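**Student:** Chain by chain, the residues run as shown.
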Amino acid sequence: MDPERPLDALNAARNKRVIVELKNKSQILGKLKAFDIHINVVLDEAEEHENGTMKRRIGNAFIRGDAIVLISPA
Amino acid sequence: MDPERPLDALNAARNKRVIVELKNKSQILGKLKAFDIHINVVLDEAEEHENGTMKRRIGNAFIRGDAIVLISPA
Amino acid sequence: MDPERPLDALNAARNKRVIVELKNKSQILGKLKAFDIHINVVLDEAEEHENGTMKRRIGNAFIRGDAIVLISPA
Amino acid sequence: MDPERPLDALNAARNKRVIVELKNKSQILGKLKAFDIHINVVLDEAEEHENGTMKRRIGNAFIRGDAIVLISPA
Amino acid sequence: MDPERPLDALNAARNKRVIVELKNKSQILGKLKAFDIHINVVLDEAEEHENGTMKRRIGNAFIRGDAIVLISPA
Amino acid sequence: MDPERPLDALNAARNKRVIVELKNKSQILGKLKAFDIHINVVLDEAEEHENGTMKRRIGNAFIRGDAIVLISPA
Amino acid sequence: MDPERPLDALNAARNKRVIVELKNKSQILGKLKAFDIHINVVLDEAEEHENGTMKRRIGNAFIRGDAIVLISPA
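Protein chains in written order, with this note's numbering: chain A, 1 to 74; chain B, 1 to 74; chain C, 1 to 74; chain D, 1 to 74; chain E, 1 to 74; chain F, 1 to 74; chain G, 1 to 74.
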C-alpha cells in the first residue's frame, strides 16, 4: 500500500520498531505506540543509541515532534 | 493500555517520577503534576541532573514545552 | 492544591519570587507579577544572575515567553 | 498598579526609556513608542550598546518581536 | 507544465527519486511517496548520503518538514 | 506623529532608505518599498554591508521576515 | 510598478533568474517558477553557488520557505 499522506506511513509503522533521529543527533529506537499531527511520538521499549552503540534504556518515551528529524524502520 | 495518542502516555505518567530532557542538554527529574497540548509541564520535587549527577534541587518547576526533547519514566 | 494545568502552577506563584531560566543560559530572579499563555512574564525587583552571583539589578522586567526554559520558586 | 497581563507592563512603559535585550546579545536603548502582541517594538532615540558602552546611534528602531529576550526600564 | 504553486512541483516528483537536503547538512535520497502542506515527506528506498558517498540504507523514511531545506530530482 | 502600532513606523518609512539587520549579522541597506505583517520586506537599490563597508549591490531584495532583527533609518 | 505588498515583488520576478540566499549560507540561483505565502519557492535550472563559484547543478529545486533569508534578481 502506498501512503497517500505522510501520516499514513507512520500509521503503518505502529507497533513496529522504528529509529527516531533527533535534531540533537541522538537516535531513539523503540516500538512506535502513538503519534499525532505535530509528530509528537510515543515509543515503547525505547533505547538511546549514539554512533551505533546503545547508551541507555529509556523504556517508555514521549518525544516532542519539533525535536525530530526522521523516523524509519529499525 | 496502549496510548492512542501521545498525550495519553503523558496522562498515564501523571503523579509518577519522570525525566525531562531539554534541548539545552540538561535533565530535570521530578514528579509529573500537569501538562498541556504545548507540552508545557509542571514537575514537583524537581532536580536538575547533568551527566548522571544531581546539580541542584529545584522544587516545583514549570518547563516551557518548546524547550523539551523527551519525557520518560525516571 | 495540585495544578490541573501548567498555567495553574504559574498562577499559584504570582507575587512570589521565582527564578526564570533563559535559553541564553542567564537566570532572572524576581517577583512574578504577570504571565500569559505564551509564557511572556513580568517580574518585579528583578536581578540577573550568572553562576550563582548577581550580575545586575533590572527592576521591572518583561521577558518574552519563547526565550524561557524553566520557571521555579526562588 | 500591578499589571494583570504582561502587555500591561509594556503599556506602562510607553514613552519611557527602556533597554531591549536581543537574542544576538546586543542591547538597544531607547524610548518605547509602540508595541504589539508579537512584541514587535518601536523605539525612538535608540542606541545600540554592548558591554556597557554605546556602539552606535540608531534613531528610530523597529525591532522584530522574536529577536527579543527581555525589556526593562533604562 | 509549469507549477502554479510550489506543491505542484512536489506532486510532479511523486514516485520519482529525489534528494532531500536537511538543515543538519545530511542528504536523504529516495523515491518520493507522500508529502503534505508542512512539507513532511515520505521516501521509499531511502539512503543517507554525506559528501557524495552513501552512509547507510534507511528504507522507508518519514522526514519532518521543518528539518528540510531543499528537495530536488536525484 | 507617534506610531500607535509598530507597523505604523514601517509605513512612515516607506520609500525612505533603511538599514535592515539580519539574524545572520549582515546588514541590507535600501529603499523600503513594501512590508507585511510577517515583516517580510522589499527593498529597492539594496546593498549588503558588513562592518561598515559595502560587500555587494543586490538591487531589488525580498527579505523574509523571520530573518530580520531590526529596521532603522539609513 | 511599485509593489504594494512583498509578494507582489516575487510575482514580478516569476520566470526571471533570482538568487535565493539560505540561512545555511549557500546561494541557489535559478529561474523562479512558483512561490506561496510561506515563501516556499520552486526554481528551475537551479545551481548551488558558494563564495561566487558554482558547486553543483540542481535542476528543479523546491526550497522550504523557512530556510530562506533573501531573494533578489540574479
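No lab work stands behind these hints, which were simulated from the structure alone. Errors might be hidden in some of the hints.
To be verified - Taking lysine-lysine pairs in the BS3-like style, the calculated list, with each CA pair at most 27 Å apart, reads:
| no. | chain 1 | residue 1 | chain 2 | residue 2 |
| --- | --- | --- | --- | --- |
| 1 | C | Lys55 | B | Lys31 |
| 2 | A | Lys31 | B | Lys55 |
| 3 | E | Lys55 | E | Lys23 |
| 4 | G | Lys31 | F | Lys31 |
Claimed, not checked - Using C-beta positions, here's what the derived DEER-type ranges look like:
| no. | chain 1 | residue 1 | chain 2 | residue 2 | range |
| --- | --- | --- | --- | --- | --- |
| 5 | C | Gly65 | F | His38 | 50 to 60 Å |
| 6 | C | Gly65 | D | Gly52 | 26 to 36 Å |
| 7 | A | Gly52 | G | Arg56 | 42 to 52 Å |
Unchecked claim - Residues of chain E placed beyond 12 Å of chain A at every Cβ, according to the derived structure:
| no. | residue |
| --- | --- |
| 8 | Glu4 |
| 9 | Val20 |
| 10 | Asn40 |
| 11 | Val42 |
| 12 | Ala46 |
| 13 | Asn51 |
| 14 | Arg56 |
| 15 | Gly59 |
Everything numeric in this text was worked out from a predicted model, so none of it was measured. We put the CB at the ideal spot given by N, CA and C, even for glycine.
**Student:** So Gly59(E) supposedly isn't at the interface. Is its beta-carbon more than 12 Å from every beta-carbon in chain A?
**Tutor:** violated (5 Å)
**Student:** So is Arg56(E) really clear of chain A, every C-beta pair being over 12 Å apart?
**Tutor:** For Arg56(E), whose nearest Cβ neighbour in chain A is about 10 Å away, the distance does not exceed 12 Å, so it is violated.
**Student:** Does the Cβ-Cβ separation between Gly65(C) and Gly52(D) fall within 26 to 36 Å?
**Tutor:** At roughly 27 Å between Cβ atoms, Gly52(D) and Gly65(C) fall inside 26 to 36 Å, so the hint holds.
**Student:** Is the Cβ of Ala46(E) more than 12 Å away from each Cβ in chain A?
**Tutor:** violated (7 Å)
**Student:** When you check the alpha-carbon spacing of Lys55(E) and Lys23(E), does it fall within 27 Å?
**Tutor:** Judged against 27 Å, a Cα distance of about 17 Å means the pair holds.
**Student:** Would the non-interface assignment of Glu4(E) survive a Cβ cutoff of 12 Å against chain A?
**Tutor:** holds (21 Å)
**Student:** With d taken as the least Cβ-Cβ distance between Val20(E) and chain A, does d exceed 12 Å?
**Tutor:** Violated, because the least Cβ-Cβ distance between Val20(E) and chain A comes to about 9 Å, which does not exceed 12 Å.
**Student:** Are Lys55(C) and Lys31(B) close enough, with their CA atoms no more than 27 Å apart?
**Tutor:** The given pair, whose Cα atoms are some 32 Å apart, is violated under the 27 Å limit.
**Student:** Was Val42(E) rightly flagged as not at the interface, with every chain A Cβ beyond 12 Å?
**Tutor:** Not fine: 4 Å to the nearest Cβ puts Val42(E) too close to chain A.
**Student:** CB of Gly52(A) to CB of Arg56(G), is that within 42 to 52 Å?
**Tutor:** violated (30 Å)
**Student:** Are the Cα atoms of Lys31(G) and Lys31(F) separated by 27 Å or less?
**Tutor:** holds (25 Å)
**Student:** Quick one: work out the minimum CB distance from Asn40(E) to chain A and report holds if it exceeds 12 Å, violated otherwise.
**Tutor:** violated (4 Å)
When each numbered hint is compared with the structure, violations occur for hints 1, 2, 5, 7, 9, 10, 11, 12, 14 and 15.
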